[in-house]
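**Student:** In this text, residue positions in the sequence shown follow the working numbering: the first is 862, and each later residue adds one.
No lab work stands behind these hints, which were simulated from the structure alone.
Given the structure is predicted, the values throughout are model-derived calculations rather than measurements.
Treat the hints with care, as some may be off.
[Stated by the list, open to error] Per label pair, the in silico range of CB-to-CB distance:
| id | residue 1 | residue 2 | range |
| --- | --- | --- | --- |
| 1 | Gly986 | Glu899 | 16 to 22 Å |
| 2 | Glu916 | Ser871 | 16 to 22 Å |
| 3 | Gly928 | Pro898 | 20 to 26 Å |
| 4 | Val894 | Glu866 | 27 to 33 Å |
Think of the CB as a built atom: it goes at the ideal place given N, C-alpha and C, for glycine as much as any other residue.
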Amino acid sequence: FSASEDLLESARRAAEGAHLAYRLGRVLTCDQVVVEPELRAHVGEVFDAVAVEMEGAAAAQVAAGEGLPFAAVRAISDESSHDFVGLEDLLEYRGHPRRNIWQRRFRLAVSDAGTIARVRELARGRDLALASLEAFMRSFLAQR
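Turn these sequences into a full structure, and let the hints steer you where they fit.
**Tutor:** Below, the structure written as structure tokens:
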């Protein structure tokens, strides 16, 4: 799916207005989290993508079906080199009682001390990405 040139221009202006670093480019949508940094780098290179995610193509398909302009804006919380291997066990699964989720997280943290540091690094990236996205949206909506 191709992004709307008008929306891309508005997004560029918003990022510059918020003093945010940005990249324009292809975003690759996968049907699952790509946890291995080598695989993320490989698919990014093969498809000439600046990011790998899970949601964009579905939103683009719906927009295209309705004849609406579309552009995806991503606030990146992790670098392509970030290693998620093992962290997938920390993700919340629908249908699991909260107690089971926390038990699983605790067992993983105890069995692999490095996990806590990796999760904290990812949480810092998430917080920075959310702050950047907020600044972007304020700038973008101010143009409207």
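**Student:** Decide, hint by hint, whether the structure agrees.
**Tutor:** To see whether the hints hold, each was checked on the structure:
1. Gly986 with Glu899: 16 to 22 Å: 19 Å, holds
2. Glu916 with Ser871: 16 to 22 Å: With a Cβ separation near 20 Å, Glu916 and Ser871 satisfy 16 to 22 Å, so the hint holds.
3. Gly928 with Pro898: 20 to 26 Å: 38 Å, violated
4. Val894 with Glu866: 27 to 33 Å: Given about 31 Å between the Cβ atoms, the range holds.
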